[in-house]
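Engineer: Take these sequences, add in the hints, and give me the full structure.
By full-length UniProt numbering, the letter at position 104 of the sequence shown is numbered 104, and the numbering carries on one by one without gaps.
Check before you lean on any hint, since a few could be wrong.
List of simulated lysine-lysine pairs, DSSO-like, C-alpha gap at most 27 Å [said to hold, decoys possible]:
id: 1; residue 1: K27; residue 2: K143
id: 2; residue 1: K85; residue 2: K143
id: 3; residue 1: K85; residue 2: K27
What the hints contain is simulated information worked out from the structure, not anything from laboratory work.
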Amino acid sequence: MERPPRDDAASRESPRGLAGASPQFFKFVAVSGVAAATNFFSRMLFSLVAPYPVAIVLAYCLGMTVAFSLNRWLVFSESTNSLRKQMVFFVLVNLFGLAQTLVVSLVLAHWLLPWLGVTTYVEEIAHAVGIAVPTVSSYLGHKYLSFRRH
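Structural biologist: Shown next as structure tokens:
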């Protein structure tokens with residue numbers, strides 16, 4: 001006996017790609033790459049005038065602005081949340097991501113990388129890893145909160 005097709009949100013989602021991830025996730029990763037590059041390179045500039053932790057926060061805010069614009073336009077354009085809700089949830093999800101980025105960057109830069117004997121590009125390596133850490137939690141937060149479809 002053949003099952004009738006499902007008619008729920010899960011059955012209408014995009015087909016799965018590599019490793020079971022949706023095309024939407026890959027778009028999110030691509031857009032996040034642009035935002036991450038903004039974050040990463042602006043942190044180097046901010047570090048010229050501010051301490052490392054402050055530069056991380058400032059760069060994260062700039063990257064977050066780029067991420068919001070691109071995600072709203074290219075990844076989650078079908079969201080039914082109001083712009084206000086999108087912005088509020090986007091900031092909340094990103095505060096969690098910022099905490100992850102800051103903790104990972106500082107732990108790597110001040111303890112783990114020196115302990116491993118890494119002496120060059122310590123802040124750059126630490127910050128790059130810190131930026132990458134919240135990828136999955138950010139995607140899930142933005143998909144189900146910031147840019148939710150009702």
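Engineer: The structure should be examined with respect to each hint, and the outcome stated for every one.
Structural biologist: Outcome of the hint check:
1. K27 with K143: holds (12 Å)
2. K85 with K143: Holds, because 13 Å separates the two Cα atoms, which is no more than 27 Å.
3. K85 with K27: holds (22 Å)
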